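Using the sequences provided together with the hints, build the complete structure.
Protein chains in written order, with numbering that gives the first Met the number 0: chain A, 0 to 269; chain B, 0 to 280; chain C, 0 to 289.
No wet-lab data here; the hints were simulated from the structure. Keep in mind it's a predicted model, so treat the numbers as computed, not measured. Please note that a few of the clues may not be correct.
[To be verified] Listed next, the in silico EDC-like pairs over lysine to aspartate or glutamate satisfying Cα-Cα at most 20 angstroms (straight line):
#1 209(A) to 92(C)
#2 225(A) to 119(C)
#3 234(A) to 121(C)
#4 14(C) to 211(A)
#5 48(B) to 168(A)
#6 285(C) to 264(B)
#7 234(A) to 118(C)
#8 70(B) to 8(B)
#9 14(C) to 137(B)
#10 14(C) to 208(A)
#11 140(B) to 219(C)
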Amino acid sequence: MMEYVPRRSLIHNLHPLTKLVWSLIILILALVFNNPWYLTAAILSVVLVGLIGKVVKETLVYLGAMLLVSGFVFVFQVLFRPGGQVLFTVFPSSWSVVGGWLPVTEGGVLYGIAMSLRMLCIVSAFPVILSTTQPRDIIMAMVDTLRVPYDYAFMFTAALRFMPIVMSEVSTISQAQRSRAYAVEGWNPIRKLKAFAPIAMPIVFIAIEKADRLGLCMDLRGYGSKGRTYLHVLKLRFLDWAVLALTVIVLIGSIVAATQGYGRIVIPQK
Amino acid sequence: MVPIIEVKDLHHRYPNGCHALRGVSVTIDRGEFVAIIGQNGSGKTTFVKHLNGLLRATTGTVYVNGQDVSKHKVSEMARVVGYCFQNPDHQIFCDTVYNEVAYGPRNLHLSQAEIEERVIEALGAVGMLHLQASMPRDLSKGQRQRLAVAAVLSMHPEVLIVDEPTTGQDYRDGVDMLSLVQRLNQAGHTVLFITHDMPMVARFAQRVIVFRDGQILLDGTTREVFGQADVLRTTFLAPPQITSLAQALPEFFPDTVLSVAEMVDQTLAVLQKRGKEVRPS
Amino acid sequence: MSEIVKVENLSFRYKRGTTPALTDISFGVRAGEFVGITGPAGAGKTTLLSCINGVIPHYYSGDLQGQVTVNGLHVATSTFRDLASHVGTVFEDPDFQMVSISVEEEVAFGPENLGIPPDEIEVRVQDALQKTRISDLRERTISTLSGGQRQRVAISAVLSMLPRVLLLDEPTSELDPIGTHEVFSALRELNRQVGITVVVVSQKMERLVENADRILVLSEGRLILSGAPSEVCLQHDVLEQVGARVPQVAEFMISLLSRLDRPPQRDLVPLTVEGAVAMLRETLDKSGVA
Numbered sequence: 000m001m002e003y004v005p006r007r008s009l010i011h012n013l014h015p016l017t018k019l020v021w022s023l024i025i026l027i028l029a030l031v032f033n034n035p036w037y038l039t040a041a042i043l044s045v046v047l048v049g050l051i052g053k054v055v056k057e058t059l060v061y062l063g064a065m066l067l068v069s070g071f072v073f074v075f076q077v078l079f080r081p082g083g084q085v086l087f088t089v090f091p092s093s094w095s096v097v098g099g100w101l102p103v104t105e106g107g108v109l110y111g112i113a114m115s116l117r118m119l120c121i122v123s124a125f126p127v128i129l130s131t132t133q134p135r136d137i138i139m140a141m142v143d144t145l146r147v148p149y150d151y152a153f154m155f156t157a158a159l160r161f162m163p164i165v166m167s168e169v170s171t172i173s174q175a176q177r178s179r180a181y182a183v184e185g186w187n188p189i190r191k192l193k194a195f196a197p198i199a200m201p202i203v204f205i206a207i208e209k210a211d212r213l214g215l216c217m218d219l220r221g222y223g224s225k226g227r228t229y230l231h232v233l234k235l236r237f238l239d240w241a242v243l244a245l246t247v248i249v250l251i252g253s254i255v256a257a258t259q260g261y262g263r264i265v266i267p268q269k
Numbered sequence: 000m001v002p003i004i005e006v007k008d009l010h011h012r013y014p015n016g017c018h019a020l021r022g023v024s025v026t027i028d029r030g031e032f033v034a035i036i037g038q039n040g041s042g043k044t045t046f047v048k049h050l051n052g053l054l055r056a057t058t059g060t061v062y063v064n065g066q067d068v069s070k071h072k073v074s075e076m077a078r079v080v081g082y083c084f085q086n087p088d089h090q091i092f093c094d095t096v097y098n099e100v101a102y103g104p105r106n107l108h109l110s111q112a113e114i115e116e117r118v119i120e121a122l123g124a125v126g127m128l129h130l131q132a133s134m135p136r137d138l139s140k141g142q143r144q145r146l147a148v149a150a151v152l153s154m155h156p157e158v159l160i161v162d163e164p165t166t167g168q169d170y171r172d173g174v175d176m177l178s179l180v181q182r183l184n185q186a187g188h189t190v191l192f193i194t195h196d197m198p199m200v201a202r203f204a205q206r207v208i209v210f211r212d213g214q215i216l217l218d219g220t221t222r223e224v225f226g227q228a229d230v231l232r233t234t235f236l237a238p239p240q241i242t243s244l245a246q247a248l249p250e251f252f253p254d255t256v257l258s259v260a261e262m263v264d265q266t267l268a269v270l271q272k273r274g275k276e277v278r279p280s
Numbered sequence: 000m001s002e003i004v005k006v007e008n009l010s011f012r013y014k015r016g017t018t019p020a021l022t023d024i025s026f027g028v029r030a031g032e033f034v035g036i037t038g039p040a041g042a043g044k045t046t047l048l049s050c051i052n053g054v055i056p057h058y059y060s061g062d063l064q065g066q067v068t069v070n071g072l073h074v075a076t077s078t079f080r081d082l083a084s085h086v087g088t089v090f091e092d093p094d095f096q097m098v099s100i101s102v103e104e105e106v107a108f109g110p111e112n113l114g115i116p117p118d119e120i121e122v123r124v125q126d127a128l129q130k131t132r133i134s135d136l137r138e139r140t141i142s143t144l145s146g147g148q149r150q151r152v153a154i155s156a157v158l159s160m161l162p163r164v165l166l167l168d169e170p171t172s173e174l175d176p177i178g179t180h181e182v183f184s185a186l187r188e189l190n191r192q193v194g195i196t197v198v199v200v201s202q203k204m205e206r207l208v209e210n211a212d213r214i215l216v217l218s219e220g221r222l223i224l225s226g227a228p229s230e231v232c233l234q235h236d237v238l239e240q241v242g243a244r245v246p247q248v249a250e251f252m253i254s255l256l257s258r259l260d261r262p263p264q265r266d267l268v269p270l271t272v273e274g275a276v277a278m279l280r281e282t283l284d285k286s287g288v289a
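Dropping the structure here:
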């Protein structure tokens, strides 16, 4: 899970909606183009945005992790989307029975590269958004524009805050029970269910008790009163409009270019 | 005689990169009563979790009762090392006190008769035999803590690790808890307890190990360790008030004092030497 | 000086309680006082605080008798919202009393709920953080802070509501020695420099006698001792009997003087190690052969 990285940058100052629109446009570009060069350019543009946002390291780490997944996409497409000239086969023809199976074709390789780059491009914007935007701001943007009631938005941030704490409690409970020779072995589903109790019971009780306490603390600080105000009000500023305009221009330009044949290549099919 | 715990140059690095233990070596003999102190984050809890295999060494060796811990599962080590976690509610899940204490032995696949015997024995040791049919959730915090001890005792461990028995506790419950642990020590268990409560350390522990930044800063008898107040100060720890009081007047009190009674006696001795009339005790 | 908290003949029994949790408790707290409340588990300390901040009767119902007023407000008939700007409460658990991800959000939470204008919220947040000396932690994520830091955030989060009275229920019981020191230092400063009335429930008798103007001892729902720290320590046999802790230096001096056949005196009860050193040195010097 990507976390917010507090830094001062232009990207950090953008309204969450601006960033969301930007990521949507990157998504559309990824779907419009299938030329690997154009897709790579799109990914590099995202990395450039990460650089401006001073979160390029985090972005590259995330993309690096995603390379593994895109590698799978590549292999999958190569093997199951053949077309055009056969370059070689995975099983050499000289072998018996499986000789000549799983051809690796020119079309397949090209398609594989394109699809894996497309996948990377689609997800590339996420780390930039998540590391430059406070979770609270994302949720407040939803409250403002989507008219989501504050209570629901609050539940979301509370979940984000307490998930790690609850996970930590579960981990402690697991350690405590393992210290009493608790071990989940075997495949028997009934036994697995029974084995749930030593972990589930304590966490349920603890969670209920603490949730009660938390509710009390919130009430004591006036939660639930009408007419709530907010310290930080998100406003669309000049920078936001400028960025939005720029991205829309890029989008329109790209779609026009695509219809003219740029950025799209013909991939040989079977 | 082989020591019951032998740790050599133990290093532990958490997945997030934190180097929590930086070369810890320690030997503990059977039957010792050891207090482990240090600020939060100094490595004390990380250290004790290596003794029953909850955490595995990055480098270094951990031997408990002659066995290499790295070659055993946590459930196997549970027969040798009993770990009482700080919050008993992290363990308690059964409907009756009896079942709670029987849970450990049941996991060890012992006979019904053996389990019954152990449960009765453990509950007797913590003074809760009369509550065996009660619901654990109905008990007071102090009782639940003792229940957790019984639940660990029923596994017949050689070593008992007690994690912060007095933190978040009522003073009396804390004393009861440590007195119980002391009785268990006298019955033959090796005891390690983690605490922040210095007067309790002075009262109960024979040996004190001080952790700082993943290393052992001091290791010695209680008197030796509390005698080195300036070293303790480097990790923002202080000996009990009474010890500090004596240390502030070294011309009168050259030795380390561990209790109020000791201090009173020593003061009276000093006064007598100076010709003051003293009422016999 | 007027009493900012007045508790008169307070008795309470929980709805499903067999015995009363509090019986006939009466005391007052003057504005600017630092009061410590101690006693064994089950003595009624938390129940007492709950009667002052309105948790009883608004959250927990039962048989409530007597009267509690805070800054003139009648607790039983005021809403949480009304009481929030007069009395704030900090609890034991550093994790489960705060709801936000960052420090700034948490300290702003209270004023936001009350509908305070954003400009004023900004002032209050800055102020509250400064009072507990954690201004540099404003942008930090709460889960990355130490226990002592988190409790100070909790204190700030309550201070931003501008209460005159701060109640704390065992604020350091889950903390290490450094954290305990940080919290008590913050409380001492809040009380001495800012003038906030502080009421702390704690088992850490040594910290209480060092900082409090007055100590109340509860046992089995009754107020059995009330007075200046040295007065309360003089009653050490009562304290031991109910399971409350007597600070070592006080116990020592009292014990020593009784063995010397000297009558117990208020001003011969040390509350700190330094005080004890001075007293002991004087006693030893006086005894020296001329």
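Here's how the hints hold up against the structure:
Annotation: proposed proximity of residue 209(A) to residue 92(C) holds, straight-line Cα distance about 9 angstroms (limit 20 angstroms). With a CA separation close to 18 angstroms, the supplied pair residue 225(A) and residue 119(C) stays within the 20 angstroms bound. A hinted pair counts as satisfied when its Cα atoms are at most 20 angstroms apart, and residue 234(A) with residue 121(C) qualifies at roughly 17 angstroms. A C-alpha spacing of about 18 angstroms is found between residue 14(C) and residue 211(A), which places the hinted pair at or below 20 angstroms, so the restraint holds.
This hinted pair checks out: residue 48(B) and residue 168(A) have alpha carbons roughly 16 angstroms apart, not beyond 20 angstroms. This hinted pair checks out: residue 285(C) and residue 264(B) have alpha carbons roughly 18 angstroms apart, not beyond 20 angstroms. Using a Cα cut-off of 20 angstroms, the hinted pair residue 234(A) and residue 118(C) holds, with the two alpha carbons roughly 16 angstroms apart. Proposed proximity of residue 70(B) and residue 8(B) is supported: the alpha carbons are some 18 angstroms apart, at most 20 angstroms.
The hinted pair formed by residue 14(C) and residue 137(B) meets the criterion: a straight-line CA distance of about 17 angstroms does not exceed 20 angstroms. A threshold of 20 angstroms between alpha carbons decides the hint, and for residue 14(C) with residue 208(A) the separation of about 19 angstroms falls inside it, so the pair holds. Distance hint between residue 140(B) and residue 219(C) is fulfilled; the C-alpha atoms sit about 16 angstroms from each other, no more than 20 angstroms.
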